[in-house]
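Top line first, the protein sequences correspond to chains A and B.
To convert, note that position 48 of the first sequence is 48 in this note's numbering; the numbers rise steadily by one, no gaps.
To convert, note that position 48 of the second sequence is 48 in this note's numbering; the numbers rise steadily by one, no gaps.
Hints were generated in silico from the structure; no laboratory data involved.
Just to be clear, a hint being listed does not mean it is correct.
Said to hold, decoys possible - Dumping the calculated SDA-like pairs for lysine to any residue here, alpha-carbon to alpha-carbon at most 20 Å:
id, chain 1, residue 1, chain 2, residue 2
1, B, Lys93, A, Glu163
2, B, Lys73, A, Leu265
3, B, Lys106, A, Arg193
4, B, Lys87, A, Trp185
5, B, Lys87, A, Arg266
6, B, Lys103, A, Thr183
7, B, Lys93, A, Leu265
8, B, Lys87, A, Arg193
9, B, Lys87, A, Gly10
10, B, Lys73, A, Pro190
11, B, Lys93, A, Arg266
12, B, Lys87, A, Thr229
13, B, Lys87, A, Ile221
14, B, Lys73, A, Arg186
15, B, Lys87, A, Ala119
16, B, Lys93, A, Glu233
17, B, Lys73, A, Thr183
18, B, Lys87, A, Arg186
19, B, Lys169, B, Ser152
20, B, Lys106, A, Arg186
21, B, Lys93, A, Phe184
22, B, Lys87, A, Val74
Listed below are the residues making up each chain.
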Amino acid sequence: MRADRRTGAGGWVLRGVVVTYVVLLVAWPTGLVFKRAFQDGIDTFFSSLTSPDVQHALALTVTVAGWAVVINLVFGVAISLLLVRYRFPGRRILSVLIDVPLSVSPVVVGLALVLVYNARDGWFGTTLATWGFQVIFSTPGMIMATVFVALPLVVREVTPVLEEIGTDQEQAARSLGAGGFQTFWRITLPGIRWAIVYGLVLAVARSIGEFGAVKIVSGNITGQSQTATLAVEQTYQNFDHQAAYAIAALLAFTAMLCLIVVAILRPKEQH
Amino acid sequence: MSIRATNVTKTFGDFVALDDVTVDLPTGHLTALLGPSGGGKSTLLRIIAGLDTADSGTVEIEGVEASHLPPQKRNVGFVFQHYAAFKHMSVAKNVAFGLEIRKRKKADIDAKVKELLELVHLSQFADRMPSQLSGGQRQRMALARALAVEPSVLLLDEPFGALDAQVRKELRDWLRRLHDEIPVTTVFVTHDQEEALEVADEIVVINHGRVEQVGTPDEVYHQPANDFVMSFLGPTTTLNGSAVRPHDIDVFNQPVAGPAVEGTLTELKRIGFDVRATIDTAGGEHVTVHLTRTHADERGLDVGQRVWIVTSAERRPVAQTGLA
Chain A
1 MRADRRTGAG
11 GWVLRGVVVT
21 YVVLLVAWPT
31 GLVFKRAFQD
41 GIDTFFSSLT
51 SPDVQHALAL
61 TVTVAGWAVV
71 INLVFGVAIS
81 LLLVRYRFPG
91 RRILSVLIDV
101 PLSVSPVVVG
111 LALVLVYNAR
121 DGWFGTTLAT
131 WGFQVIFSTP
141 GMIMATVFVA
151 LPLVVREVTP
161 VLEEIGTDQE
171 QAARSLGAGG
181 FQTFWRITLP
191 GIRWAIVYGL
201 VLAVARSIGE
211 FGAVKIVSGN
221 ITGQSQTATL
231 AVEQTYQNFD
241 HQAAYAIAAL
251 LAFTAMLCLI
261 VVAILRPKEQ
271 H
Chain B
1 MSIRATNVTK
11 TFGDFVALDD
21 VTVDLPTGHL
31 TALLGPSGGG
41 KSTLLRIIAG
51 LDTADSGTVE
61 IEGVEASHLP
71 PQKRNVGFVF
81 QHYAAFKHMS
91 VAKNVAFGLE
101 IRKRKKADID
111 AKVKELLELV
121 HLSQFADRMP
131 SQLSGGQRQR
141 MALARALAVE
151 PSVLLLDEPF
161 GALDAQVRKE
171 LRDWLRRLHD
181 EIPVTTVFVT
191 HDQEEALEVA
201 DEIVVINHGR
211 VEQVGTPDEV
221 YHQPANDFVM
231 SFLGPTTTLN
241 GSAVRPHDID
251 VFNQPVAGPA
261 VEGTLTELKR
271 IGFDVRATID
281 TAGGEHVTVH
291 LTRTHADERG
301 LDVGQRVWIV
311 TSAERRPVAQ
321 TGLA
């Protein structure tokens, strides 16, 4: 029986309230960004994205988000396997630590990274600086900040699936002669591949949208260490509203595309 | 001896799963590890396969000391209760898995898979996914997958436990016939004594982490080593203070020679061809007796009668003297 067949007066009121709430809070404002971005025509939209600084910002976002997603893929899967397949002291603490990025403000993350890695008096940054390696105010720091904020997304998608598939198939593979890596590659990985895809798509959306942590570690230098989100703020404050809305619309569109991809993929798994 | 476990002990925290177990399982036989849940039989099987490690003791497979070999080096086939089908692979790919790991030639693999799928009657399902098979079919696929690598021993952990009664019975008969065709040393774990008695050449009764008895189905059923084996392998009743099988007692409606016990027939239940009688003896015991319908009719039994009962061991001389 479908729920909407039972809708009474109360149901209609509830529906109205929720729809109004979502429209006022999400749909209308986001829609306006697109409206502003395209109000002077599609040519203006594209030309405002072609200035060298904006191009650089977009390319930097792709670089930073790309690295962050790859790193989160490798470590996310490794951490998930560790949390689900092994029992060791401190396992629950590790599990809680993974969720810290969800609860701590990205600005705090940025400040924390600066404290550890800045080249002047950072706890570890001075050592790295003597090796000629600069983290803060440079791409590595921005990648680290982005990795940090997107860390739980792959792990939280993969761990429940790993738990659900259990160890029977892995044990069967071992008894049939497969070694550890063969078992992982041929049995475990195919079992969690959709969970990894969801996690990655969410990580992409989160990574391209990161602002606070990246702003603090990057130094926000236009044309050098400015990502797309930072460029939105900069152009907006410089009254270049057309560019600000165009970049914002592009970011919003990419994030929505990610969510649509997840929505299309998700039902496939539940057969 | 194909499999020899010597002084195997395994504990999980405070729980002793196996307590100094030593068993020899002969080559080519179909052996059942029988016992109640939590008795340690699955743990023993998993230790033989290398899926669990013993705290102490050794396992030898085909004369090779295997205690420290990982599962993939032991050349055992393992079949799990819940099939452990590789969900993302077709039936044929599942069966081919062990051969692909061993890097056999494609043509050889295809031929072997075809042969095995015929053996387990799944040829027409080769391209299906496991989710499209019934439980019984999945278990047959798992069996073909385990047999593909030509293991020196085949281990089955409660292989029919997750199936419904009808399929279970079919697969049981089929496993027996399969073993007669391909006499690979096979060990299966079960808590169902009927399954063990029907299928196995040899039964190892395990309880509380110890081996209670090893013997043929006849031996463990008719010459149980102790009260536990007696009561676990089949129904029992108490006569003259000792445990007896209810179908090993005969009932007469007139006095007989020898050490017969006198009593009153208080209940007579007919269940199809079975007749179950309850007799209250003078000594205050409630003895249950199982008879066939024909036998009960011959004896002319009725509720409320005075009857005389003897165990079958004592009955034979009585019958010979013509008093029955």
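Right, here's what the structure says about each hint:
1. Under the criterion of a C-alpha separation no larger than 20 Å, the hint pairing B:Lys93 with A:Glu163 is inconsistent with the structure, at around 24 Å.
2. Straight-line distance between C-alpha atoms of B:Lys73 and A:Leu265 comes to about 39 Å, which puts the hinted pair past the 20 Å bound.
3. With a C-alpha separation of about 27 Å, the suggested pair B:Lys106 and A:Arg193 falls outside the 20 Å cut-off, and the hint is violated.
4. At most 20 Å may separate the alpha-carbon atoms for a hinted pair to count; B:Lys87 and A:Trp185 meet this at roughly 14 Å.
5. At most 20 Å may separate the alpha-carbon atoms for a hinted pair to count; B:Lys87 and A:Arg266 meet this at roughly 18 Å.
6. A threshold of 20 Å between alpha carbons decides the hint, and for B:Lys103 with A:Thr183 the separation of about 15 Å falls inside it, so the pair holds.
7. Between B:Lys93 and A:Leu265 the alpha-carbon distance is near 25 Å, which puts this suggested pair outside the 20 Å criterion.
8. Taken as a hint, the B:Lys87 and A:Arg193 pair is honoured in the structure, with Cα atoms around 13 Å apart against an allowance of 20 Å.
9. With a CA separation close to 45 Å, the supplied pair B:Lys87 and A:Gly10 exceeds the 20 Å bound.
10. Simply put, B:Lys73 and A:Pro190 have alpha-carbon atoms about 24 Å apart, too far for the 20 Å limit, and the pair is violated.
11. Of the pairs offered as hints, the one joining B:Lys93 and A:Arg266 is violated, with about 26 Å between alpha carbons and a cut-off of 20 Å exceeded.
12. The hinted pair formed by B:Lys87 and A:Thr229 fails the criterion: a straight-line CA distance of about 42 Å is larger than 20 Å.
13. Simply put, B:Lys87 and A:Ile221 have alpha-carbon atoms about 51 Å apart, too far for the 20 Å limit, and the pair is violated.
14. Pair hint B:Lys73 plus A:Arg186 holds up; C-alpha atoms about 18 Å apart against a cutoff of 20 Å.
15. About 51 Å separates the Cα atoms of B:Lys87 and A:Ala119, which puts this hinted pair outside 20 Å; it is violated.
16. For the proposed pair B:Lys93 and A:Glu233, the alpha carbon gap of about 54 Å is over 20 Å, so the pair is violated.
17. Taking the CA atoms of B:Lys73 and A:Thr183, the gap is about 14 Å. The hint holds against a cut of 20 Å.
18. A threshold of 20 Å between alpha carbons decides the hint, and for B:Lys87 with A:Arg186 the separation of about 11 Å falls inside it, so the pair holds.
19. Simply put, B:Lys169 and B:Ser152 have alpha-carbon atoms about 26 Å apart, too far for the 20 Å limit, and the pair is violated.
20. Between the alpha carbons of B:Lys106 and A:Arg186 the distance comes to roughly 18 Å, so the proposed pair stays at or under 20 Å and holds.
21. The suggested pairing of B:Lys93 with A:Phe184 holds, with an alpha-carbon distance near 17 Å, which does not exceed 20 Å.
22. Between B:Lys87 and A:Val74 the CA atoms are separated by roughly 24 Å; this puts the pair beyond 20 Å, and the hint is violated.
In the structure shown, a violation is registered for the earlier hints numbered 1, 2, 3, 7, 9, 10, 11, 12, 13, 15, 16, 19, 22, in ascending order.
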